[in-house]
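**Student:** Place chains B and C on chain A using the hints.
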Amino acid sequence: MQELLQQVFNGVVIGSVYVLMAVGLTIIFGVMKIVNFAHGEFYMVGAYLAFYLVSVAGLPFFVALILASAIVGLCGILIERVIDKFGKDMVETDYTYFTILFTIAVSLILANTVNVLAGPSQHQIETGLSTAPITIGPVVVTAFKMLVIAIAFSVSIGFGLFLRFSRFGKAMRSTFANKEAAESVGINTTTINMATFAIGACMASVGGILVGAMFNIYPYMGSQASLKAFAVVILGGIGSFIGAILGGMSLGIIESIASAYFDVGYTQAISFVLIILVLVFRPEGIAGRVTM
Amino acid sequence: MAVLEVSNLSKSFGGVDAVVDVSFHVEERSILGIIGPNGAGKSTVINLLTGLYRPLSGKVMYSGKDITGLSSHSVAQLGIGRTFQHTTSFPDMTALESVALAQIYLNKIGLWETLFRPSKVERWRAARLDNGYEALELVGLHDRANVKCKNLPHAEQVALDIAIAVATGARLLLLDEPAGGLNTSEIGRLMDVVRTLQDRGATIVMIEHHMALVMSICGRVVVLNDGRKIAEGSPKEIQENELVIDAYLGKDADRD
Amino acid sequence: MLGVLAVLPLVFPNEYTLHLFILAAINIVFASSLNLISGYVGELSLGHAAFAGLGAYATALLTLRGYSPWLGLLAAVAVTGVSAYLIGLVVIRLRGAYFVISSLAFQMTMFFIASNWLTVTHGPMGLLGIPKPKLWLPGIGSIELVSKMDFYYLSVIVAIVVVIACNRLVKAPIGESWVAIRENEKLSAAVGIDRTRYVRIAFMFAAGFAGVGGWLLAHYIGVVSPNDNMSFDLIISFILMVVIGGRGTITGPIIGAVVVTVLPEYLRGLGNWRLTAYGVILALLVIFLPRGFMQLWEMVYSRLHPLVVAALPIKRRE
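Heads up: the protein sequence lines correspond to chains A, B and C, in order. Position one of the first sequence corresponds to residue 1 (the numbering used here), numbered consecutively onward. Position one of the second sequence corresponds to residue 1 (the numbering used here), numbered consecutively onward. Position one of the third sequence corresponds to residue 1 (the numbering used here), numbered consecutively onward.
It is worth saying that the hints were derived from the structure and are not from the lab.
Each pair of labels, with its calculated beta carbon distance range:
| no. | chain 1 | residue 1 | chain 2 | residue 2 | range |
| --- | --- | --- | --- | --- | --- |
| 1 | A | ALA70 | C | VAL262 | 41 to 49 Å |
| 2 | B | LYS108 | C | LYS186 | 17 to 25 Å |
| 3 | C | LYS186 | B | GLN239 | 29 to 37 Å |
| 4 | A | SER184 | C | LEU74 | 54 to 62 Å |
Cβ coordinates follow ideal geometry from the N, Cα and C atoms, glycine included.
Bound-form chain A, shown alone (with noise of 0.2 Å):
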């Protein structure tokens, strides 16, 4: 029993980095109706920024991560602008076609430049906090786990209650729903696309750091969290921020609890074995009202 309890715990450390990758994916697709390929290398070049924000220039671990994130969001502005400029006057089947191609194409570049510059070996972020394991109850944790659980969460539950109380946030979720509407009540939708695409960089961003900090870095990293983001999405139903929680924090615990008992190559599968469950028995997600 706390074995599983340890397991439960180590999925929602996890997991709740995977609420932060998909809570970015889903709003990228649903306010812009972008499938963002790139978004693991979002989280993968944050990652690397702030290792070398923290090794080489010597700065501490919550300013590199702020520091990393906004550059990474920066970014995400860049690729919406090239996006939006190229792809505004697409009919719907092309700008699909370019929207995934060029963010496949982003994701190449991106991953494949690290890789170079950076060369293939891993590396951990240093943190500077102790990792003395710390017993609560039954589970063991260490203090930066903790510090993972209540970083993502405050991001993600931050930006929901965002989304709900403040304008912006509420023009944000006009968009989402229909697009015209909004703009014909003088949102002004370029922002919010621009918006939308920063935080969703950003929040990956995060996220990888946070991994980073926990596990290791490495130039690949990227497309494992991709599939991981758009397995959660899926499962959790696109354009939904509560689906994106239950979702992450599910793959994130049934992941933890398999590695228990399979090797982690397997663990992997899970994923894709469930993206292709979803698309079979309930294409919306759990909490998804999005038809196809």
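**Tutor:** Okay, now just chains B and C, sitting in the frame of chain A:
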């Protein structure tokens, strides 16, 4: 003899009633008009008949056959053709190519012929182009045969959509607001085309906003409001029907 | 044309050039097949490498147990065709981004199985020692197609057959239906075209031909492994082929295949930056030349021959 019988058709979207208990029938070789204020559910009815939506309840009989809830392509293959409100047909095909395409389902050229009898495939294609040309002549587009659909001005687009529906060999044609965006002379030509179709044996159901058009060529008119049928009868009867007048005036009043 | 192809290996007997020709022919098979579903029907499939790999593994498993490579060819087509049917039951009703993601999930599942089902596939090590096909010619007896020259002729003939088949499919009502579905799905249904049926046909043919390509590759290289036959890199190159050449045309994929085959040669100087270069090329292509080389060709052609286009004889019955 009723070619189309719609009984108690209903549909709602996420709790909002779009079509409620609508029934009507269409006599063979007649022209039925469906009118009603915006949002009355007219297009929804057509979409329900042609398989774009599944009805919540109700029945649709076509020439004695139950076609309720059949998919779009099945409905089309049974001989029901339709036009859409906003379409650019098949943008990169020429007008002639699109009316040729509309006949594809008529001869199921199988995989065997496709792979091993290209000359037969080519002959079928030539035959479709010939027939397609006739359909274009019917709507007056024979000299625009080689123009790409996306380059056709709106009035010709509408004519092409009708030609496409006709080319499928459909005996029942459902036209969704064909007069939208047409000027007076174009509407006149539209009337001629519809009458010609009727002469050639087709049955036509037309959703329209253009009252003069409806009143002059429709034999009977059905009026919808808020998803319900509120009146049915000859054009003259409808014009004098109080409920109908209220429905339209009511909507106008709301807009102030 | 045929004459040129027949004589080519005699003009360039260089082993390496022959190798490129063979790869180009195999890539033409891959590109033309992907084009059916991703060019004509218009649904971007990221799972194509999985079918290519399935074909390769199918023939490898059979021929390593002593069966004829020709049986392997049948098996490759059968396996890919059936899998495409089954997968299709799930993915064909999806569109756009959903189709893409599910095809990717299928791709990764297959890659995963190939890498981990050690007893059957030997995992990343792969299966080695795949025999070459034998041909029985009257008067000569059975010859094994061992030399590059032999394989060149085999792969070119196969490529020609596949291209002709695709061409016939495209020119037939089947192909017209694909284009109609792509251009205006609602209208295509309204004229009686059953989308599910036609997309399934495209998907199965695409998979089947990909299996044929996989068969060729397996017997040419003699080794199958997840990284050689169904990696993500392979999908990228497939997509590049279709995008460079021009999706939705017959010649497009051929051009794209040839370009992608020789591209590594020109990019060799970039060393490790190769993949980045691919990414940049892909990005520039989808922005400026989304319909590939054929778009370029069309732009040139239509400038030069505007009158030809307008004066096409109108077919009419006299």
